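Engineer: What follows is each chain in one-letter form.
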Amino acid sequence: MLDVEGLSFARGKNTLFKSLSFSLKAGSALRVTGSNGSGKTSLLRLLAGLSRPDEGEILWCGEAIRKNYGDFVRSVNFLGHDDGLKNQLTATENLKLMLPLLGTSPSASEVVAALEEAGLDSVKDRAVMHMSAGQKRRVALARTDFMKHRALWILDEPFTSLDVTAVTALVVKLKRHIQFGGLLVFTTHQDLDVIPDANSLSLD
Amino acid sequence: MNNAFWSLLRKELLLAVRQKTDVVTVLFFFLIVSSLFPFAVGPESNTLKLIGPGVIWVGALLCSLLALHRVFEADYNDGSLEHLILSGEPLTILVLAKIISHWLITGLPVVIVAPLIGIQFGLPPQSLLLLLGTLLLGTPVLSLIGSIGAGLTLGVRGGSALTSILILPFYVPILIFGAGAVVADLQGLTIDGHISILVAMLCLSVALAPLAIAGAIKIALE
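Residue numbers (the working numbering), protein chains in the order written: chain A, 286 to 489; chain B, 1053 to 1274.
Since the hints were derived computationally from the structure, they do not count as laboratory data.
Fair warning: this is a prediction, and the values are worked out from it, not measured in the lab.
All C-beta atoms in this analysis are idealised placements derived from N, C-alpha and C, irrespective of residue type, glycine included.
Mixed in with the good hints there might be a few duds.
Derived Cβ-Cβ restraints for the label pairs, each shown as a range [as the list claims (entries may be wrong)]:
#1 B:A1126 with A:S394: 26 to 32 Å
#2 A:A393 with B:V1093: 32 to 38 Å
#3 B:D1244 with A:K298: 56 to 62 Å
#4 B:V1093 with A:Y354: 53 to 59 Å
Using the sequences and the hints, build the whole thing.
Structural biologist: Structure below.
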């Protein structure tokens, strides 16, 4: 479903990767590893179509993602380094006002249920600025509950700042996504073999 | 699409309610800048009447510049801008929602307060109404054109100063025809031409600015 052909990308004069090729089929995962500055985030941004490669092509269902980008992004669930949350709004408000932009309009009770599942019941009406980094990450990840219909999940360091309980819950969620035929591309610095069947790509 | 537009608009307005200082700062800046001029040029009523529209328009223009960094900077820094691109909705529509909210937050309060400042300059009721009308037509153009600059300088160090340098030349025609309409009316001249040009500038910027801004944002994120 996802084919990367001869991808090259440079930041200024620094070539991050050259002639990178791989394929990912439905129901599989790819773990991207590498040291700081090796290009993991850049690769994920390229896969989401947020940046353009210097050379090469990214194909989704056999078609270049740039050709029909509007349709492609409706298949993508992207979580970058930043959580995309508004500090002044509560966790509930952030989800309720962000999700319609992503093509889904859940009811208030569905949003509350997602936050409860993420272990944020007691802080769901607290402004995000008063939350810990881990709680913010959980709010951002709670979005994925409403993005199950999007086949390609691209998650940049999703386990950062999470406690053991949250990591376990997220792993269950990710495995379920893969089981149902979804694709997962993620990066992690941690030495976590969270998805044992995941393919591995090292950028070092 | 409508759902995303209204949701983004609601989000921006809710953020403005939570961050009242941004709105209040712009409004106070406008009141102070506009109110200083009568102290400087003296109480001569004819002089005040003639400079009044220009001073108020310059004040509105500076307020627009002051608030421009709000349009995209926070979204760029917290990652929300990426989600706008990945929403699958036309970016031009979402950009328009952001500019409308920006105008409602920073432009409309200035428009509402402007006639009160006009009274300070001794403008007659008819001129106050005309001032209100020209600002209603012109301040959205300031937001639209200004947002192009804000989009182009996203992620650039010292972006606010660069935005001002880029955008100020394009603000000049709006200033000339906006303030000029009120002054021409005070002098008993026809104002049809001024109003027509302001309407044309508004239509043109509504049609073209979101396209330019969407392109600028995509480039900035790449």
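Engineer: For every hint, state whether the structure bears it out.
Structural biologist: We went through each hint and held it up to the structure:
The beta-carbon spacing between A1126 (chain B) and S394 (chain A), approximately 30 Å, falls within the hinted interval of 26 to 32 Å. A hinted range of 32 to 38 Å is violated for the C-beta pair A393 (chain A) and V1093 (chain B), which are about 56 Å apart. About 58 Å separates the C-beta atoms of D1244 (chain B) and K298 (chain A), a value consistent with the hinted range of 56 to 62 Å. For the pair V1093 (chain B) and Y354 (chain A), the supplied restraint of 53 to 59 Å holds, since their beta-carbon distance comes to about 56 Å.
Comparing the model with each earlier hint shows a violation of hint 2 alone; every other hint is respected.
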